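Participant: All chains, please: the whole structure from these sequences, using the hints.
Respectively, the protein sequence lines represent chains H and L.
Each residue of the first sequence is one higher than the last, beginning at 50 in this note's numbering.
Each residue of the second sequence is one higher than the last, beginning at 50 in this note's numbering.
Keep in mind that the hints were calculated from the coordinates and are not lab data.
All figures in this text were calculated on a predicted structure; none of them were measured in a lab.
Incorrect hints may have been included.
[Unchecked claim] Coverage of chain L stretches by chain H, computed from C-beta distances (three or more under 8 Å per stretch; other residues unrestricted): (1) 73–84; (2) 130–142; (3) 158–170; (4) 335–345; (5) 401–408.
[Said to hold, decoys possible] Straight-line Cα separation of at most 30 Å, DSBU-like style, residue types lysine-lysine; simulated pairs: (6) K148/H / K401/L; (7) K148/H / K95/H; (8) K83/H / K83/L.
Quick reminder that beta carbons are idealized off the backbone N, C-alpha and C, glycines included.
There are 2 protein chains.
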Amino acid sequence: MASKISPLAPEAYPAMPAIEGVRTGAVEAGIKYKNRKDLAVILFDKPAEVAGVFTRSLCPSAPVDWCRKHLSGGKANAVVINSGNANAFTGKKGSEAVKLTAEAAADAFGCKKSTVFLASTGVIGEPLNTSGFAEKLSEAGSAAAAGGWDDLARAIMTTDTYPKMSTRSFEIEGKTYLINGVAKGSGMIAPDMATMLSYVVTDLPVASEDLQKLLSKHVETTFNAITVDSDTSTSDTLMLFSARNGRKPVSGSALKTFGKVLHEVLHELAILIVRDGEGATKQVEVTVTGAKSAKSARRIAFSIANSPLVKTAIAGEDANWGRIVAAVGKAGEPADRDRMEIQFGDIRVAHKGERDPDYDEAAASAVVKKEFIPIRVDVGVGRGSATVWTCDLTHEYISINADYRS
Amino acid sequence: MASKISPLAPEAYPAMPAIEGVRTGAVEAGIKYKNRKDLAVILFDKPAEVAGVFTRSLCPSAPVDWCRKHLSGGKANAVVINSGNANAFTGKKGSEAVKLTAEAAADAFGCKKSTVFLASTGVIGEPLNTSGFAEKLSEAGSAAAAGGWDDLARAIMTTDTYPKMSTRSFEIEGKTYLINGVAKGSGMIAPDMATMLSYVVTDLPVASEDLQKLLSKHVETTFNAITVDSDTSTSDTLMLFSARNGRKPVSGSALKTFGKVLHEVLHELAILIVRDGEGATKQVEVTVTGAKSAKSARRIAFSIANSPLVKTAIAGEDANWGRIVAAVGKAGEPADRDRMEIQFGDIRVAHKGERDPDYDEAAASAVVKKEFIPIRVDVGVGRGSATVWTCDLTHEYISINADYRS
Chain H
50 MASKISPLAP EAYPAMPAIE GVRTGAVEAG IKYKNRKDLA VILFDKPAEV AGVFTRSLCP
110 SAPVDWCRKH LSGGKANAVV INSGNANAFT GKKGSEAVKL TAEAAADAFG CKKSTVFLAS
170 TGVIGEPLNT SGFAEKLSEA GSAAAAGGWD DLARAIMTTD TYPKMSTRSF EIEGKTYLIN
230 GVAKGSGMIA PDMATMLSYV VTDLPVASED LQKLLSKHVE TTFNAITVDS DTSTSDTLML
290 FSARNGRKPV SGSALKTFGK VLHEVLHELA ILIVRDGEGA TKQVEVTVTG AKSAKSARRI
350 AFSIANSPLV KTAIAGEDAN WGRIVAAVGK AGEPADRDRM EIQFGDIRVA HKGERDPDYD
410 EAAASAVVKK EFIPIRVDVG VGRGSATVWT CDLTHEYISI NADYRS
Chain L
50 MASKISPLAP EAYPAMPAIE GVRTGAVEAG IKYKNRKDLA VILFDKPAEV AGVFTRSLCP
110 SAPVDWCRKH LSGGKANAVV INSGNANAFT GKKGSEAVKL TAEAAADAFG CKKSTVFLAS
170 TGVIGEPLNT SGFAEKLSEA GSAAAAGGWD DLARAIMTTD TYPKMSTRSF EIEGKTYLIN
230 GVAKGSGMIA PDMATMLSYV VTDLPVASED LQKLLSKHVE TTFNAITVDS DTSTSDTLML
290 FSARNGRKPV SGSALKTFGK VLHEVLHELA ILIVRDGEGA TKQVEVTVTG AKSAKSARRI
350 AFSIANSPLV KTAIAGEDAN WGRIVAAVGK AGEPADRDRM EIQFGDIRVA HKGERDPDYD
410 EAAASAVVKK EFIPIRVDVG VGRGSATVWT CDLTHEYISI NADYRS
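Facilitator: Laid out in structure tokens, this is it:
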């Protein structure tokens, strides 16, 4: 874990309310870190409905393989997450460790192993030692409580400098429901994936197929619209649960209401990850308009958001829009150089393919000195638009990653 | 310009021989830098045959537009290159500046403006002030000399810490010929382009169509196989000239011999750019084998070479092969996770999809402590292979780019 807390950390963490039939908690298993909890559980008193989105890496971790395989059952009794070791690229040992962990959890929590979902995050390539997991899982089961969300959020951290939590309450037909989410992630954050680890739970009764539809839809504009360093992890996992406690799943407009709140929670967690991006000192919002399609706009936006030269300019508080032009150019997507327009906040710096005649460097600089920097680029060929979020690239990113493992 | 010279700089620069009918030189035009030459020319006494490869950026600079337009003529009398201002994203002012420069050069050197080739490198988006260019170009014409290659190589530098030159002599049918090349480039270096700026001249008489064929072929495994920071420039230009001085162009086996030497020169210049990569302390060679095709191997190799997490690990002298696994996974190309093999130098660290049973961290660490680090990855699905080159990602890269413009 990094020692310094991100300057973009929230000033306060939300008080996470209890959700009926759901207990969370964590214990110290000594996997890699000393004197901190590193083995977390989410337990459902009755089988929960479940949906998931996972990394698109072609080298997924063993736990991702396991979750994909068992997701079709649509039911979850327990989730087990460890930090400190990713159990990725660990061959047969990796799938054996996963099986042993699921079996130990099934024993400890009195359920089938196929309803246990797993995740591991940390160093890639080192075999995960699961001896002692049976005992530690029993301990975690005893520690798990309705109010254990903070413990859960902290136990899954790796290079994160703060825990990431979000909660909302919402009303459907006069009844109040809750949705709680936690996430971890700081580096190896890139598109084309679900996210790092994130778990979201609601007490609204929703069938697993509907959960999956909503999750797949809203991940695109939240976790799949952020990037810290363009590196996609082997372990990205985002899961959504409905602790329906035997009640009949809702449908129709209730799902629509739920979808909106779900989007809010996913967005809040995704932005918390960007703001805890390794070494981040600035949050950058890149909006591309006037593209050929939304997909094309998204590619251009990511080309800007992943450009080391754009990100270092932001770190240096330099409104260097020339580097934005270069990033648009390398995206390989249709763009009309001679109609392009670029804004930092409300300050238009480029217009019709050249420096704005009213360009005022001081005004543009004032925007990039702030903590939140909106960049807008119109590429002048169509009506497609997209927004993505990233952070700046600083010395601290190098410090964190040049000696993370050793 | 950076003040520190790259630790990977060559110990000595080659003595560049004179090529008959070719003069090069540079003068101080005060475009951005003080007390250094920033306006360079290459002059051909008789029309030279010419070929070129340019950036694939969709926002090319005005000089790139100009060169593309006039390349079809196949003849060159003069090349004019300025550093300090890229004349990119400068709208109509940009194309006017290009036209004025070409006209001034045509006047100064007594040739048609369509046989004048241009390049500008430096800050993007600032109008290039060409007033005074007519006078400065006359000066440059007077300064140009058969031995002016060193001046040329230095005048085109921007964030480069050393000039890049390469020369070879070769024999064809008992006669000795020469090939001289210069290049600049240090940041904004990425694939899908020609290179930054590079000019290569031979006295072997070769027709422009043959020059173009050979250049397009050999750029793929040289300049297009390097990356510093994955950012493609708006101004990348690589040009090849034959100062044939009226002689009949060669054909057949002579072209084959020339192609080999050309490859050597392009490769040497490309590696010089990687070794002068902004902030570089290590040169990394990434070879991918066992891929579905050469193209697929190349994509995987670039995914590794562009990964900030791989590059920071190398900077930290950490043989963190888990990050290589992640970079292979995110490439989106066929790879068999469970047959993958990874080597640092001669040390096999991963085998059959997991840590090598004989893995010796000390031996792997010894490899990454060196200045030149070969990484080999076999992805276990086919026979395609490719090699690309990059450098590490260090604090110095951030320092250079967080305050380049201001």
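Participant: Now look at each hint and say whether the structure bears it out.
Facilitator: Status of each hint after checking the structure:
1. Look at the segment 73–84 of chain L against chain H: 0 of its residues bring a Cβ nearer than 8 Å to a Cβ of that chain, fewer than three, so the hint is violated.
2. Look at the segment 130–142 of chain L against chain H: 7 of its residues bring a Cβ nearer than 8 Å to a Cβ of that chain, three or more, so the hint holds.
3. Here the segment 158–170 of chain L counts 0 residues with a CB under 8 Å from a CB of chain H, which misses the bar of 3, and the coverage is violated.
4. Coverage of the segment 335–345 of chain L by chain H is violated in this model, with 0 residues showing a Cβ closer than 8 Å to a Cβ of that chain against a need of three.
5. Proximity of the segment 401–408 of chain L to chain H, defined as three or more residues with a beta carbon under 8 Å from a beta carbon of that chain, is established by the 4 residues found.
6. Taking the CA atoms of K148/H and K401/L, the gap is about 20 Å. The hint holds against a cut of 30 Å.
7. Our distance criterion of 30 Å between C-alpha atoms is met by K148/H and K95/H, whose separation comes to about 22 Å.
8. Distance check on the hinted pair: K83/H and K83/L sit about 56 Å apart at the alpha-carbon level, beyond 30 Å; violated.
This entry does not satisfy hints 1, 3, 4 and 8, going by the numbered hints stated previously.
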